[in-house]
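Participant: Here are the chains, one letter per residue:
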Amino acid sequence: MSVKTLKIDGIDIAIEEGTTLLQAARAAGVPIPTLCHLDGVADVGACRLCLVEVGGSRRLLPACVTEVAEGMEVQTNTPKLQEYRRMAVELLFSEGNHVCAVCVANGNCELQDVAIQVGMDHSRFTYRFPDRGVDVSHQQFGIDHNRCILCTRCVRVCDEIEGAHVWDVAQRGAACYIVSGLNQPWGEVDACTSCGKCVDACPTGAIFRKGSTTGEKERDRAKLEFLVTAREKHEWTR
Amino acid sequence: MDKVKFATVWLAGCSGCHMSFLDMDEWLIELAKHVEVVYSPVGSDLKHYPENVDVCLVEGGVANQDNLELILQVRRQTKLLISFGDCAVTANVPAMRNMLGGAEPVLKRAYLELGDVAPQLPHEPGIVPELLDRVLPVHEVVPVDIYMPGCPPPADRIRATLEPLLRGEMPKMEGREMIKFG
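Chains as they are written, first to last, in our numbering: chain L, 1 to 238; chain P, 1 to 182.
Since the hints were derived computationally from the structure, they do not count as laboratory data. For clarity, every value in this text was computed on a predicted model and none was experimentally measured. A few of these clues could be false.
Derived DSBU-like pairs (lysine-lysine); straight-line CA-CA distance at most 35 Å [claimed, not checked]: (1) P:33 / P:79; (2) P:33 / P:172; (3) P:172 / P:5; (4) P:47 / P:33; (5) L:4 / L:210; (6) P:108 / P:47; (7) P:33 / L:210; (8) L:7 / P:172; (9) P:5 / L:80; (10) P:108 / P:79; (11) L:233 / L:223; (12) P:79 / L:80.
What follows is a set of in silico ranges between Cβ atoms, one per label pair, in the way DEER data are often shown [stated by the list, open to error]: (13) P:156 / L:78: 55 to 63 Å; (14) L:188 / P:163: 55 to 63 Å; (15) L:108 / P:34: 33 to 41 Å; (16) P:23 / L:26: 51 to 59 Å.
Glycine included, each C-beta is placed from N, C-alpha and C at the ideal position.
Please model the entire structure based on the sequences and the hints provided.
Facilitator: The following block contains the structure:
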């Protein structure tokens with residue numbers, strides 16, 4: 001094992017090679033906001049909330065997919081980063097149709113939480129009000145694309161933990177959306193085991209259990225953590 | 001010291017923010033010591049928005065011609081304009097009609113496709129205000145000084161926003177207690 005030494009917000013850190021900046025920051029008690037990161041599945045750097053400044057690099061780098069390197073000097077909370085993070089969250093709100101007041105996840109939503117964290121009291125970007133669909137063809141669950149932020153947690157949790165790979169991303173840019181199966185109605189996808197991990201992984205109210213109404217969505221994140229620990233450390237009791 | 005000239009207006013919203021305002025209960029009596037209510041659907045019976053208003057709480061988004069005229073007048077005649085609640089800040093539920101496109105498809109959907117008895121489009125110029133093509137948050141129409149999200153903003157949040165203003169200070173709009181949407 002090789003050890004790298006670096007500085008995050010002035011704190012000296014010595015940590016194993018291959019660790020990400022996000023892991024290193026958390027180990028040092030430096031909080032970095034995230035949305036697409038989910039413990040136990042691979043990181044993709046989709047949400048851009050964890051962007052940090054690294055000395056010597058003119059670009060901002062996503063902490064979740066940047067590995068530590070010897071002598072790195074990292075800043076996680078400069079005014080520039082705060083401004084970009086708030087913009088990223090405002091763009092997420094103005095891109096989709098996030099009507100918190102009538103959302104299943106109201107009060108239990110990571111997008112809402114992160115808006116508070118970055119101090120967003122309004123969006124300075126014009127709302128797009130896109131025409132997006134809702135698929136409630138599955139017996140137990142539904143997906144409301146209006147509330148989807150394309151973090152791809154559902155895609156990864158279904159592929160990497162459940163091993164079913166029901167979800168994927170179709171199209172490009174503003175037309176991007178999450179598809180089930182071969183772009184079929186969710187209820188017709190044979191590969192879906194109805195395990196509900198995507199419901200637990202979804203940070204917003206986009207994937208939900210049918211029958212839950214405003215503010216009723218509760219996700220069992222502990223279930224995902226349990227499965228990951230069980231596999232990695234062979235601890236099979238909860 | 002002169003009393004603060006205080007107003008509230010109600011655009012495209014459900015009045016829930018105003019109900020939450022009334023939820024401040026006994027603090028309303030304290031507030032009344034410091035302000036003169038010059039215009040408000042729940043606090044006065046005056047029909048015309050006056051000149052030289054110090055503070056105005058604006059509930060609701062801008063959805064029709066009446067809303068638009070009133071908010072332009074409010075901005076011209078008010079020192080400090082507060083976007084009051086999610087409909088004012090994001091256009092919220094009233095703006096869910098924006099997904100249908102302009103005013104025409106919305107009216108056709110509501111009054112023709114879903115009209116069961118004698119379906120017809122409402123058209124009474126001068127009486128029924130015309131719908132705008134899109135429902136807009138207040139700050140997309142006029143500059144806003146303070147944003148107070150919430151659906152509705154809880155009474156404590158309204159009080160915590162107004163109290164510093166009465167002392168001549170700006171409120172700190174940060175943290176879950178002050179800026180949580182929904």
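Participant: Run the structure past the numbered hints and jot down the numbers of the failing ones, going up.
Facilitator: Numbers 5, 7, 9, 10, 13 and 16, in rising order.
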